[in-house]
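Listed here are the chains, written in short residue letters.
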Amino acid sequence: MTELLRIEGLSVTPVAAPDRLLVNNVSFSLASGKTTCVVGESGSGKSLTALSVMGLLSKQLSRAQGKVIFQGQDLTSLNNEQMRQIRGRKIGMIFQEPMTSLNPVLTVGYQIGESLTVHLGLKGQALKSRISQLLEQVGIPATRANSYPDELSGGQRQRVMIAMSIACEPAMLIADEPTTALDVTVQAQILKLLDELKTRMNMGMLFITHDFGVVADIADDVVVMFRGEIVESGPVTQVLEHPQHPYTKALLACVPDAEGKNPLKPIDYAWLEAGSLKDSAAVA
Amino acid sequence: MSEFILTARHLNKSYSQRSGKFGFGSTLVKALDDVSVSLRAGSTLAVVGESGSGKSTLARCLLQLQPLDSGEVLFQGRDLAKLSSAELRQQRRHLQMVFQDPFASLNPRMRVGEIVGEGLLVHKLGSIAEQRAKVLQMLKRVGLTEADMQKYPHEFSGGQRQRIGIARALVLEPKVVVCDEPVSALDVSIQAQILLLLKELQQEMNLSYLFISHDLRVVRHIADEVAVMHQGKVVEFGKIDDIYQNPTQEYTRNLLKAIPGRKHQQNIQEMNPA
Numbered sequence: 001m002t003e004l005l006r007i008e009g010l011s012v013t014p015v016a017a018p019d020r021l022l023v024n025n026v027s028f029s030l031a032s033g034k035t036t037c038v039v040g041e042s043g044s045g046k047s048l049t050a051l052s053v054m055g056l057l058s059k060q061l062s063r064a065q066g067k068v069i070f071q072g073q074d075l076t077s078l079n080n081e082q083m084r085q086i087r088g089r090k091i092g093m094i095f096q097e098p099m100t101s102l103n104p105v106l107t108v109g110y111q112i113g114e115s116l117t118v119h120l121g122l123k124g125q126a127l128k129s130r131i132s133q134l135l136e137q138v139g140i141p142a143t144r145a146n147s148y149p150d151e152l153s154g155g156q157r158q159r160v161m162i163a164m165s166i167a168c169e170p171a172m173l174i175a176d177e178p179t180t181a182l183d184v185t186v187q188a189q190i191l192k193l194l195d196e197l198k199t200r201m202n203m204g205m206l207f208i209t210h211d212f213g214v215v216a217d218i219a220d221d222v223v224v225m226f227r228g229e230i231v232e233s234g235p236v237t238q239v240l241e242h243p244q245h246p247y248t249k250a251l252l253a254c255v256p257d258a259e260g261k262n263p264l265k266p267i268d269y270a271w272l273e274a275g276s277l278k279d280s281a282a283v284a
Numbered sequence: 001m002s003e004f005i006l007t008a009r010h011l012n013k014s015y016s017q018r019s020g021k022f023g024f025g026s027t028l029v030k031a032l033d034d035v036s037v038s039l040r041a042g043s044t045l046a047v048v049g050e051s052g053s054g055k056s057t058l059a060r061c062l063l064q065l066q067p068l069d070s071g072e073v074l075f076q077g078r079d080l081a082k083l084s085s086a087e088l089r090q091q092r093r094h095l096q097m098v099f100q101d102p103f104a105s106l107n108p109r110m111r112v113g114e115i116v117g118e119g120l121l122v123h124k125l126g127s128i129a130e131q132r133a134k135v136l137q138m139l140k141r142v143g144l145t146e147a148d149m150q151k152y153p154h155e156f157s158g159g160q161r162q163r164i165g166i167a168r169a170l171v172l173e174p175k176v177v178v179c180d181e182p183v184s185a186l187d188v189s190i191q192a193q194i195l196l197l198l199k200e201l202q203q204e205m206n207l208s209y210l211f212i213s214h215d216l217r218v219v220r221h222i223a224d225e226v227a228v229m230h231q232g233k234v235v236e237f238g239k240i241d242d243i244y245q246n247p248t249q250e251y252t253r254n255l256l257k258a259i260p261g262r263k264h265q266q267n268i269q270e271m272n273p274a
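Note that the protein sequences, when read in sequence, are chains A and B. For the first sequence, this note's numbering begins at 1 and goes up steadily by one. For the second sequence, this note's numbering begins at 1 and goes up steadily by one.
Everything labelled a hint here was simulated from the structure, so no lab data went into it. Being a predicted model, the structure only gives us computed values, none of them experimental. Each hint should be verified, as a subset may be incorrect.
With a straight-line Cα cutoff of 27 Å, these simulated BS3-like cross-link-like pairs (lysine-lysine) come out [to be verified]: (1) Lys239/B to Lys257/B; (2) Lys261/A to Lys134/B; (3) Lys261/A to Lys199/B; (4) Lys151/B to Lys261/A.
For the chain B half of the interface with chain A, some residues (derived, Cβ under 7 Å), not all of them [unchecked claim]: (5) Ser184; (6) Ser189; (7) Leu195; (8) Leu197; (9) Pro260; (10) Gly261.
With the C-beta cut set under 8 Å, the calculated list includes, among others, these residues of chain A facing chain B [unchecked claim]: (11) Ala17; (12) Ser42; (13) His210; (14) Asp211; (15) Phe212; (16) Gly213; (17) Asp217; (18) Val255.
Every residue, glycine too, gets a C-beta built ideally from N, C-alpha and C.
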């Protein structure tokens, strides 16, 4: 098992308030052909962690500390031009909103082709046939290359986004809540598709989600974040079935179960803060 | 009076949609196709379905926020569509709604006290002092404070805003509350808080809920009965346990199969912290 990505001691702070740690000393790694899910509530720092890997933090935020080692290279030491060579080429990205992530005035075929032209220099017939091939890989008829985003359903748009992100056969895919805006049946299809592509292309997948149900379906490893810190991490069965940290237990307990057997339990943040957080900080 | 507080019979509603290359043609889309559902007093009926199944249209038509093409909606035995606009306005205090998006459904220029009190003002219920006392009591009941009355919606988090939306709907002491995806925009821990709050308030105020949702895990926890909608039709309707355990329709089975993480759920819940 080859290590693809290693994040070491990553911290993110607002430029205006360097003492506030939005992401605090986060470390974990990801292997080729595996999926690591980063789980947490809003504000836990899970999306910021993903954006830091890509070097896409907004100007108001800065990466205070830490290394992002991808295929043996520290991405934090690269300049913008070098990062651009990696984004889209070696690391693909999918975002939450398939409605707003596509350009409405360009055909989906053109948008898929863009990265192929930029990174691989494909043109003409070679480009066309690669676009058709990609569309069929994600389950969309190749004739749809001439459609505009508004002619597609939400699930199809997300499939187009996936086609774009895997166009250059990246070694790693970062997916930030890619199924949150979709219906459950469509969500199940997209998760299955991502899982198949991951296996076939031996990609490493960094998957950001707030839904433990999705984690159970797709993850090999899980990283649980709370207020910028990792509170627990490990293989999926271990974290879901034998959670050690009180926050992980509490977060799992407020997920409604499909059988409706167990009462819902909101998280008691006061109780967490009253010390139980620190007691088991060494779980990860 | 029957045990049903709200009954919809044979509702039909179509929209015309532009079609053809330049949008000159039009096709009819049936949002509601002969839909009949009934809501028992004091219970929760969930309407589930995917985007475009007609569940939100059903909610709006039941409250007469949109005119029906045909069919009748009986509230306490009276057909709402046949009421005059003045009579309908009077009935509306008994029929309230909690909206999906807590960011879009509160007027950003009004203080929380005004937002929650507006219904009392419109329906001229009690003196100003009585109204204020009632607003305060309701806000406290949903977990907010007196100081919050003077604040504006942007000063609150998503979960708190949804509490404001609930207070606004319930301050009129309605009989029926339509909740249109009330927790879908919230974090899972906040979602659990709001669901529990809705359940408690239902008991205290003897409310009947029509609960629109696409999340079958949430529905399992809040509903007594379920109507499954698909392409404008109710394809399955019955008690929650029956439908989750023995769905008769292929469509319902597929929906249930698509719930993420089913295999792990049981193990997870056994690990609840004490």
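Going down the list of hints, with the structure as the test:
1. The straight-line distance between the Cα atoms of Lys239/B and Lys257/B is roughly 19 Å, inside the 27 Å bound, and the hint therefore holds.
2. Restraint check: the Cα-Cα separation between Lys261/A and Lys134/B comes to about 36 Å, which exceeds 27 Å; the hinted pair is violated.
3. Under the criterion of a C-alpha separation no larger than 27 Å, the hint pairing Lys261/A with Lys199/B is consistent with the structure, at around 16 Å.
4. Between Lys151/B and Lys261/A the alpha-carbon distance is near 39 Å, which puts this suggested pair outside the 27 Å criterion.
5. With 7 Å as the threshold, the beta carbon of Ser184/B stays out of range of chain A, its nearest partner Cβ sitting at about 10 Å, so the hint is violated.
6. Interface hint at Ser189/B: satisfied, since its Cβ lies 4 Å from the closest Cβ of chain A, which is below the 7 Å cut-off.
7. Look at Leu195/B: its Cβ gets to within about 6 Å of chain A, closer than 7 Å, so that hint holds up.
8. For the restraint placing Leu197/B at the interface with chain A, the shortest Cβ-Cβ distance is roughly 9 Å, beyond the 7 Å limit, so the hint is violated.
9. Nearest Cβ of chain A to the Cβ of Pro260/B: about 3 Å, under the 7 Å cut. The hint holds.
10. The closest approach between the C-beta of Gly261/B and any C-beta of chain A is roughly 3 Å, which is under the 7 Å cut-off, so the hint is satisfied.
11. Of the supplied interface hints, the one on Ala17/A is violated, with its beta-carbon coming no nearer than about 20 Å to a beta-carbon of chain B, more than 8 Å.
12. The criterion of a C-beta within 8 Å of any C-beta in chain B is met by Ser42/A, whose closest approach is roughly 5 Å, and the hint holds.
13. Taking 8 Å as the C-beta cut-off, the interface hint given for His210/A holds, the closest approach to chain B being about 6 Å.
14. A hinted interface residue such as Asp211/A counts as satisfied when its beta carbon comes closer than 8 Å to some beta carbon of chain B; here the least separation is about 6 Å, so the hint holds.
15. Interface restraint check for Phe212/A: the shortest CB-CB distance to chain B comes to about 6 Å, inside 8 Å, so the restraint holds.
16. Against a cut-off of 8 Å between C-beta atoms, the interface hint on Gly213/A holds, since the closest Cβ of chain B lies about 3 Å away.
17. A distance limit of 8 Å between C-beta atoms decides the matter here; for Asp217/A the minimum to chain B is near 5 Å, and the interface restraint holds.
18. Interface restraint check for Val255/A: the shortest CB-CB distance to chain B comes to about 6 Å, inside 8 Å, so the restraint holds.
In summary, the numbered hints that this structure violates are 2, 4, 5, 8 and 11.
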